[in-house]
Amino acid sequence: MLKLTLNGQKVALDVDPNMPLLYALRDIQQLTGTKFGCGAGLCGACTVHLDGESIRSCITPISVVEGKAVTTIEGLGVASDELHPVQQAWLENSVPQCGYCQAGQMMSAAALLAKNTNPSDEEINNHMQGNICRCGTYPRIKKAIKQAGVMIQDVNQAKPATGKKGVQA
Amino acid sequence: MSPLIEQPATKSLLAETALTEQLSTAPSATTDGANATTDHIAPDIKKVTRRSLLQALGLSGAGLVLFSPLHAMAQSPASHNQIAQSSSADQDFDLGVFVSIAKNDEVRIVNHRAEMGQGIMTSVPQIIADELGASWPKVTVVQAQGDPKYGSQATGGSASIRQHFNDHRQMGAIARTMLEQAAASVWQVSVSDVSTKNHQVIHRKTQKALSFGELAELAAQLPVPDKGAVALKDPKDFTLIGRDVKLAGQEAIIKGEAVYAQDIQLPNMLIASIERPPVVGAKVKSFNADATKKVKGVIAVIPLKDRPLPVNVKPVSGVAVLATNTWAAHEGRKQLTVEWDTSNARVNQNAQHHTEQYLKELVEKVNHKGRRVRTEGNTDSHVYNEANTVEATYTIPYHHHMSMETPSATAVVKDNVCTVWTGTQNPQWAKKLIAEELGIDPQAVTVNMTLMGGAFGRKGKNDFTVEAVELAKAVGRPVKVVWTREDDVKHGFYHSISANYCKAEINKDRADHWVQRVAYPPIGAIFDLNAKSPSNSALSLGFADIPFELEHLSCETQDVETHVRVGWFRAVANINNAFALGSFVDELAVKAKVPTHTMWLNLLGKDRIINPAKEGFKEWDNYGHKKQEYALDSRRMKKIIQLLMKQSKADSPTAKNEGWGMSYAHSFNSYVAAATKVRVVDDKLTVLEMHTAIDCGVAVTPDRVKSQMEGAMIMGLSTALMSEITVKDGVVEQSNFHDYPSARINQCPSLFVHILDSDAAPGGVGEPGFPPILPSITNAIFHASGKRIRNLPVNKVLSV
Ligand code: FES
Ligand code: FES
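Residue numbers (my numbering), protein chains in the order written: chain A, 99 to 267; chain B, 4 to 803.
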């Protein structure tokens, strides 16, 4: 049994330790928000967070995530009925076309903004170039990332006195 | 409540009166070109008797809905299971069709077309809701299944709105008329004294109002008016059409809840990974699955049946590994060894297909006289003045759709009844193919349409859907077929490799004595081994419908053999034709020393309606439209070029090593001009800025027109700059994003979209943005660097 924390819940999985995390999420945990696009670390459709960092789940054996915390698009929102600022900005800019790449795009964007709420164009390009969108939503992704960054800054500023953390990716 | 894809309808929401659209459409399997997927069927609207329906529903006295709704498309994995279990029961209620109105005011509108990112599940209901007078937040969008009763569902050819706009408006207008009649009878006033606004019918004099929900039951008892007898709105009164409404389905996508074909999960389901023949037409000679069967999770290894040539849109045979999870299926397949039989003479020819050699042959062919498809005047006897003549040959390699979601379908076959969930652009064709495959009645086949993670024409073919059906029947369990990316790239239906030749002589600031030729493997060849040249509808895709005012013109084609599966790809032959024409006009402009847009305007000539059928191309097929409102209009062409130039300022001077390129193309009844600005330094290309201006007539959902133009520019970048499919010994050489690259965010320049404000009949949107992009890029490269690129992709010459 492999144990990990998945979207805040402890889970134990009885799977081959070599199985890539992507298939464990989709087939075993039935969390189908994370997508298959290439199976080779080339497209970013399968991006999830491992202890807050974005990783490609299609090339990450499940054994690597043992004992760690994995977050998928289904767990990105702060609370279950609240959208993450990245999701809100994505919605406001009507970013998705077919939408298939967008879970990966948003997971990558959230990981970027967790470290840097005011990324430059170049920083966005560097961080996001592993995520392909064949439909061509890049201009909106750039805009939405900047907007989400401002939203996160606002939330963080509104809450400094409580000592609580603001929005986390 | 906002429009969103609904959970399965419950009985209490079902209908009492039906509005049915009927047709007899199965896509023509032998038609080449875009029109194969754009059947235009006028709806035959009729009513199903209230009593029979109420009885069927067990709803006697409680049915409050105007028109019959349908199954909703399931949106969570759990509800797919529910649908699977309840599908036979639901069929009893599945009577009809586009609009239903419930007592609580909820309006359900069916989207019958396939959603692949173009936004059609917003636009179709948006048109109906506008004519109905509905309030958008009270509209719920329901995704249809594949069923002939909806009229054409073949979602291709940018046809959803351009072919059905009036049908959709009539649907809404009929429902509105019935509500108005009901209200008039309640108030005992004339129907002409009432109007509909914002989900209410209002008596204008007294300002009395009744909501849709209050009127639904009464309206349902009225006869359905004839579609010709209902008044359509004056376009200036549109409340939703032409406005950006909240888009259907976006929330589910951003939460990761949207269901694509690969997301289907059924109890007891197996996942299939299929090893397919590397050469088109090859058969399985033998295979060894000993090691495969040792992989944990592998349940069965099944050879698929042999499929003779022509390939059609059917599976290509192979050996399937079925396992309890996707990874086991793929791992098992890695252990499989298969020996292929290519002894059939045709297959053997396919096994010798070599793109490098083949392209040379195409170039050779178009540099010789071919079969004339359009002639005006006489180009034969003309003696060309060499100093004023431009002659050029342009080539494009095979291209692959590369939709982010690889093909996938899930099938359940039991007791001669089949249910599939598939990401298809053509669900009725799937239904027909499945019925043929199983030898059962199409009525026994249910085709559930999932969202598609991109399609671009690829998913109009249902080979993957039939694979799932074949395997589900063989193994007696639900089967989901999932293509790896390598499968997708190596077994595509490619956009044809092509050569276009152009020759013309400059005469002052325009040109004449125009000869153009084209050669490429025609799509018809996948259905008919004897098809060797483009069909007339394919020739109407920006080739023999050339819009210039010329006295002497010859358009010619050449016959070629086909050795891979070719198919419809976003804009089809417009891609190579617009690349050639757009490049050539630029070359003429350079020679004549006039700006490129000026050369376009000069060649287009005087204001006129262009009718190629009367100018030497009798077989002209205007994207299936005979109507005057879709006539080719040179004024609209010139106007969109002028709008582009004004908005982009593409004629302004640039810095050293920088340059602008522009081009124009008409396709799918829309007019598009594009401009690109680039920098070329030390053979390194940077694309700085791109503009697209479109006249698509009425833009129903402007934001989705914009997003399609943005997407077309990005796809144009990928296609022009860096991607190509090559074949050696009949085998596709590429396999994934590393060798068939797609533009990434760091390669994305600033993009600008200019939509012409128009009340003309709506044209296509999904495809027309794409064709003019390619020449706008290569022309810009020329103006920045002096390098003329006639053979794509650009990265053979410049680093990109
Ligand atoms: S599916 Fe993992 S990077 Fe493409
Ligand atoms: S939205 Fe379709 S691939 Fe990105």
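Hint data in this document are derived by calculation from the structure and do not stem from the laboratory.
All C-beta atoms in this analysis are idealised placements derived from N, C-alpha and C, irrespective of residue type, glycine included.
Take these hints with a grain of salt, some might be off.
[As the list claims (entries may be wrong)] Pairs of lysine-lysine, DSS-like flavour, derived with a Cα cap of 30 Å:
#1 B/K299 <-> A/K108
#2 B/K790 <-> A/K241
#3 A/K257 <-> B/K641
#4 A/K213 <-> A/K166
#5 B/K641 <-> B/K799
#6 B/K249 <-> A/K244
#7 A/K101 <-> B/K337
#8 B/K239 <-> B/K790
#9 B/K630 <-> B/K617
#10 B/K642 <-> B/K617
#11 B/K286 <-> A/K244
#12 A/K166 <-> B/K258
#13 A/K101 <-> A/K166
[As the list claims (entries may be wrong)] FRET-style restraints, in silico, Cβ to Cβ:
#14 B/K687 <-> A/K241: 24 to 34 Å
#15 A/N216 <-> B/E552: 47 to 57 Å
#16 B/N660 <-> A/K257: 46 to 56 Å
#17 A/K241 <-> B/K296: 24 to 34 Å
#18 B/Q650 <-> A/E221: 48 to 58 Å
#19 A/V162 <-> B/K299: 37 to 47 Å
#20 A/K257 <-> B/D760: 37 to 47 Å
#21 A/I157 <-> B/D685: 32 to 42 Å
#22 A/N214 <-> B/K687: 20 to 30 Å
[Said to hold, decoys possible] A few chain B residues facing chain A, derived, Cβ under 10 Å:
#23 D247
#24 V287
#25 S289
#26 F290
#27 N291
#28 D293
#29 K297
#30 W330
#31 M718
#32 S721
Review point. Has the given pair, B/K249 with A/K244, been kept, meaning a C-alpha gap of at most 30 Å?
Key: holds, 22 Å
Point to revise | Agreement of hint B/D293 with chain A interface, Cβ distance less than 10 Å | key: Check failed: Cβ of B/D293 comes no nearer than 20 Å to chain A, outside 10 Å.
Review point. Given the hinted pair A/K101 and A/K166, is their alpha-carbon gap at most 30 Å?
Key: holds, 8 Å
Check your understanding: Can the hint on B/F290 be confirmed by a CB-to-CB distance to chain A that is less than 10 Å?
Key -> At about 23 Å, which exceeds the 10 Å cut-off, the nearest Cβ of chain A leaves the hint on B/F290 violated.
Review point. Has the given pair, B/K630 with B/K617, been kept, meaning a C-alpha gap of at most 30 Å?
Key: Holds, because 15 Å separates the two Cα atoms, which is no more than 30 Å.
Point to revise | Whether the CB-CB distance between A/N216 and B/E552 falls inside 47 to 57 Å | key: Taking Cβ atoms as reference, A/N216 and B/E552 lie about 55 Å apart, which means the hint holds.
Check your understanding: Is it true that the CA of B/K642 sits at most 30 Å from the CA of B/K617?
Key -> Holds: B/K642 and B/K617 sit about 24 Å apart, inside 30 Å.
Practice item. Would you check the hint for B/K790 and A/K241, treating anything up to 30 Å between C-alpha atoms as holding? Key: violated, 34 Å
Practice item. Could you say whether the range 24 to 34 Å given as a hint is met by the Cβ separation of B/K687 and A/K241? Key: This hint holds: roughly 27 Å between Cβ atoms.
Practice item. For the pair supplied as a hint, A/K257 and B/K641, confirm whether the alpha-carbon distance does not exceed 30 Å. Key: violated, 57 Å
Exercise for review: Would you mind confirming whether the straight-line C-alpha gap from B/K641 to B/K799 stays at or under 30 Å?
Suggested key: Judged against 30 Å, a Cα distance of about 34 Å means the pair is violated.
Check your understanding: Hint check: is the beta carbon of B/N291 less than 10 Å from a beta carbon of chain A?
Key -> violated, 23 Å
Checked against the numbered hints given earlier, the structure breaks hints 2, 3, 5, 8, 11, 17, 18, 19, 24, 25, 26, 27, 28 and 29 and satisfies all the rest.
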